[in-house]
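**Q** Residue strings, one per chain:
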Amino acid sequence: MVIDKGKSPQRSRLAVAGARAATESIYSTGSITDRVGNVLFRSLLLLGMGFALLGLASILIWALVEGAPRLDLNLIVEGPSTITPETAGYRGAILGSLYVIGGVVLFIVPVGVGAAIYLEEYADKTRWWNRAIEVNIQNLAAVPSIVFGILGLAFIVRGPLSLGFVAAAGSLTLSLLVLPTIILSAREAIKAVPSSTRLGSLGLGATQWQTIWHHVLPGALPGILTGLILAVSRAIGEAAPLLLVGAVTFVTFDPSFWEGNYSVLPVQIFNYAGRPQEEFRVLAAAGVILMLAVLLSMNSFAIWLRNHYENKNRK
Amino acid sequence: MSDSNMAVATAGAHQRRPLAGAGSSHLGEKAIKVFLALCAAFSVVVTTGIVISLVVPTVRFFGEITLSEFLFGTVWQPAFANPSFGVLPIVVGTVIVVVTALAVAIPVGLASAIYLSEYASSGVRKVIKPILEVLEGVPTVAIGLFAFFFMRPLAESLFPWFPWATPFSIGVAGVAVGLLIVPLVASVAEDAMRSVPAGLREGAYALGASKMRVSLRVVFPAAISGIIAGIVLGTSRAIGETMVVLIAAGAGNPNLTFNWFSSAQTMTAYIGGTATGDISQGTIVYDTIFAVGTLLFSMTLVMNIIAIRLVRRFREVYE
Chain L
788 MVIDKGKSPQ RSRLAVAGAR AATESIYSTG SITDRVGNVL FRSLLLLGMG
838 FALLGLASIL IWALVEGAPR LDLNLIVEGP STITPETAGY RGAILGSLYV
888 IGGVVLFIVP VGVGAAIYLE EYADKTRWWN RAIEVNIQNL AAVPSIVFGI
938 LGLAFIVRGP LSLGFVAAAG SLTLSLLVLP TIILSAREAI KAVPSSTRLG
988 SLGLGATQWQ TIWHHVLPGA LPGILTGLIL AVSRAIGEAA PLLLVGAVTF
1038 VTFDPSFWEG NYSVLPVQIF NYAGRPQEEF RVLAAAGVIL MLAVLLSMNS
1088 FAIWLRNHYE NKNRK
Chain H
6 MSDSNMAVAT AGAHQRRPLA GAGSSHLGEK AIKVFLALCA AFSVVVTTGI
56 VISLVVPTVR FFGEITLSEF LFGTVWQPAF ANPSFGVLPI VVGTVIVVVT
106 ALAVAIPVGL ASAIYLSEYA SSGVRKVIKP ILEVLEGVPT VAIGLFAFFF
156 MRPLAESLFP WFPWATPFSI GVAGVAVGLL IVPLVASVAE DAMRSVPAGL
206 REGAYALGAS KMRVSLRVVF PAAISGIIAG IVLGTSRAIG ETMVVLIAAG
256 AGNPNLTFNW FSSAQTMTAY IGGTATGDIS QGTIVYDTIF AVGTLLFSMT
306 LVMNIIAIRL VRRFREVYE
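Taken in sequence, the protein lines are chains L and H. Residue numbers for the first sequence follow our numbering, so the first one is 788 and each next one is one higher. Residue numbers for the second sequence follow our numbering, so the first one is 6 and each next one is one higher.
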């Protein structure tokens, strides 16, 4: 028998409507309290939904209104200043963010995707150590970001690695923070590649790694990319752990990766916001707009990418 | 870092060789597998690193301060000339923030979830769900500034009869954290409710149940473990939230207070605020960061284990 999947929900909807009509004709149309309750409930739900959207949207609107006077080129090309907030900008912080994020990408792509490949393609799920690794990654995903800052301070800035308060230390700290995100999303993407692809390749005599490299990874690429964008956009907005690994100093020069002080965009915004003059508040709001513009476009692109390929796979 | 890059480069180069050298290919395959396993094991290294970096200074800290003084003391003044290390004030601050955040996020998040899962047409859902997901990525610094510069003055002009003492307010910070976790709670709860089989709904409708009854009496109980898991995840996010409370609740003034309208300090704000000041390694103040971090880490770990259990249970039921 050929089952037409497209028709079945419509059929069940018809059946439901018929059954309701039948019951209603027998028992009349329910009590008045029931109907009022339904309307009330529906409006409560809409109220909740509206509150959520309005609350979050007003953050964007507030930043736009407050920061609008300082949306000029100086915001990007000028360095920070404590004396002239009218022309001060985020130059050093933007460069610092670029260094830190560049390092994050270089680190998490091989390690995160590698771990995901191992867990999906090689790991024997019946072995306790593989299950332990999985649970461990899930738990790491929920560790508060400031605890990663503590790890960075104790292990990367001081302790075994002793990098000092430099951009590389911030980069490594954020990498550890977003690693679970990228492993989990890469695993989902690899899992979604149909097993017939693997069997076909193995059947033609390819080794397991050849199958993964030439067939599984290209198929999983959109999903991995989506995870990467989401991970990077989280790393750009993250400030708390960087407070502990040195991104706090007021840097008036362009930073470097391995030496000297650095700052990043969210920390610089935090820094400006803490100053009493009105101009710094405007400057902080303008920085928020700058950051929101980057993050929202990245997030939207990632979600679009995911939906695009999800629809494609379903067809 | 360079090691792992190199290994990937050699892995790639190895692939481009013809298939003839089968013997060496096996060796390469093994090397690749070992490298990938190391990548996965790296997460265990990170966890071990977290535990070691927390435990060593914490043990040093408890060499000087007794556990009972830390856990049950009511004065938190580690940097004072006459220091005191009772952690209760900042734990209470954290609890106030979490409870306030949940008071906002549970009703709003669940209403949004029920609406999206049961009431919204597929067109509306297709628009609103991605918007919520995008808003989940709003940086916490932005929400902190919004709470401090907009919500706090707005709250004072709306409710002038409350005792607004300082420009900071732990209550407003809590509401802002609630706003922050609404998308998380809503999307996890919505996923749980959507995975309830359609047959259950249809059965209830066939018996003449109204939409409200189906949502509240059928779908909601069926998805309850997933919904609770979403709330637990939101709670652990609220416990760990730093920037919002650092900006909007104030970093100073760790008094033991239940005053919703005054400034207060949380565990995360203490860690973040202390780290931005000058602290020198080896002092007791430096070690307090780690002791508080250990407490924070254990609290979120417990929350997360509960959440994972619940998610697994709810998956077992319907897949």
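Hints were generated in silico from the structure; no laboratory data involved. Honestly, I wouldn't trust all of these hints.
[Unchecked claim] Here are the simulated lysine to any residue pairs, SDA-like style, with alpha carbons at most 25 Å apart:
| no. | chain 1 | residue 1 | chain 2 | residue 2 |
| --- | --- | --- | --- | --- |
| 1 | H | K35 | L | A993 |
| 2 | H | K134 | H | F47 |
| 3 | H | K216 | H | R206 |
| 4 | H | K35 | L | S983 |
| 5 | L | K912 | H | G208 |
| 6 | L | K978 | L | L1008 |
| 7 | H | K131 | L | L801 |
| 8 | L | K912 | L | A993 |
| 9 | H | K216 | H | V129 |
| 10 | H | K216 | L | L831 |
| 11 | H | K131 | H | F225 |
| 12 | H | K35 | L | L986 |
| 13 | H | K134 | L | L893 |
| 14 | L | K912 | H | K216 |
| 15 | H | K35 | L | F838 |
| 16 | H | K134 | L | F828 |
| 17 | L | K978 | L | F952 |
| 18 | H | K134 | L | S845 |
| 19 | H | K134 | L | N1094 |
| 20 | H | K38 | L | R829 |
| 21 | H | K35 | L | A919 |
| 22 | L | K912 | L | L893 |
| 23 | H | K131 | L | L893 |
| 24 | H | K38 | L | L831 |
| 25 | H | K216 | L | L893 |
| 26 | L | K978 | L | E865 |
| 27 | H | K35 | H | F47 |
| 28 | H | K131 | L | E1097 |
| 29 | H | K131 | H | S200 |
| 30 | L | K912 | L | G1006 |
[Said to hold, decoys possible] With the C-beta cut set under 8 Å, the calculated list includes, among others, these residues of chain L facing chain H:
| no. | residue |
| --- | --- |
| 31 | N825 |
| 32 | G901 |
| 33 | A902 |
| 34 | I920 |
| 35 | I924 |
| 36 | N926 |
| 37 | A929 |
| 38 | R945 |
| 39 | L991 |
| 40 | T994 |
Where a beta carbon is used, it is the ideal one built from N, C-alpha and C, also for glycine.
**Q** Would the pair K131 (chain H) and E1097 (chain L) pass a check requiring their Cα atoms to be no farther apart than 25 Å?
**A** 13 Å, holds
**Q** Hey, K216 (chain H) versus L893 (chain L), does the alpha-carbon distance stay inside 25 Å?
**A** Violated. K216 (chain H) to L893 (chain L) sits at ~51 Å, over the 25 Å cutoff.
**Q** Between K912 (chain L) and A993 (chain L), does the CA-CA distance stay at or below 25 Å?
**A** Cα-Cα ~24 Å, so holds.
**Q** Going straight from one Cα to the other, do K35 (chain H) and F47 (chain H) come out at no more than 25 Å?
**A** Since the Cα atoms of K35 (chain H) and F47 (chain H) sit roughly 18 Å apart, the hinted pair holds (cutoff 25 Å).
**Q** Do the numbers back the hint for N926 (chain L), that is, is its least Cβ distance to chain H under 8 Å?
**A** Since chain H brings a Cβ to about 6 Å from N926 (chain L), closer than 8 Å, the hint holds.
**Q** Quick one, are K978 (chain L) and L1008 (chain L) close enough, alpha carbons at most 25 Å?
**A** Holds, because 12 Å separates the two Cα atoms, which is no more than 25 Å.
**Q** Quick check on the hint: A929 (chain L) CB to chain H CB, less than 8 Å?
**A** 4 Å, holds
**Q** Starting from K134 (chain H), check that the Cα of F47 (chain H) is at most 25 Å away, please.
**A** Given that 25 Å is the threshold and the Cα spacing comes to 34 Å, the pair is violated.
**Q** CA of K131 (chain H) to CA of L801 (chain L), is that 25 Å or under?
**A** 24 Å, holds
**Q** For the hint on A902 (chain L), just tell me whether its beta-carbon gets within less than 8 Å of chain H.
**A** Nearest chain H Cβ about 4 Å off; hint holds.
**Q** Given the hint that K38 (chain H) pairs with R829 (chain L), does the C-alpha gap stay at or below 25 Å?
**A** 55 Å, violated
**Q** Given the proposed pairing of K216 (chain H) with R206 (chain H), does the C-alpha separation stay at or below 25 Å?
**A** Holds, at about 9 Å.
This entry does not satisfy hints 2, 5, 13, 14, 15, 17, 20, 22, 23, 24, 25, 26, 39, going by the numbered hints stated previously.
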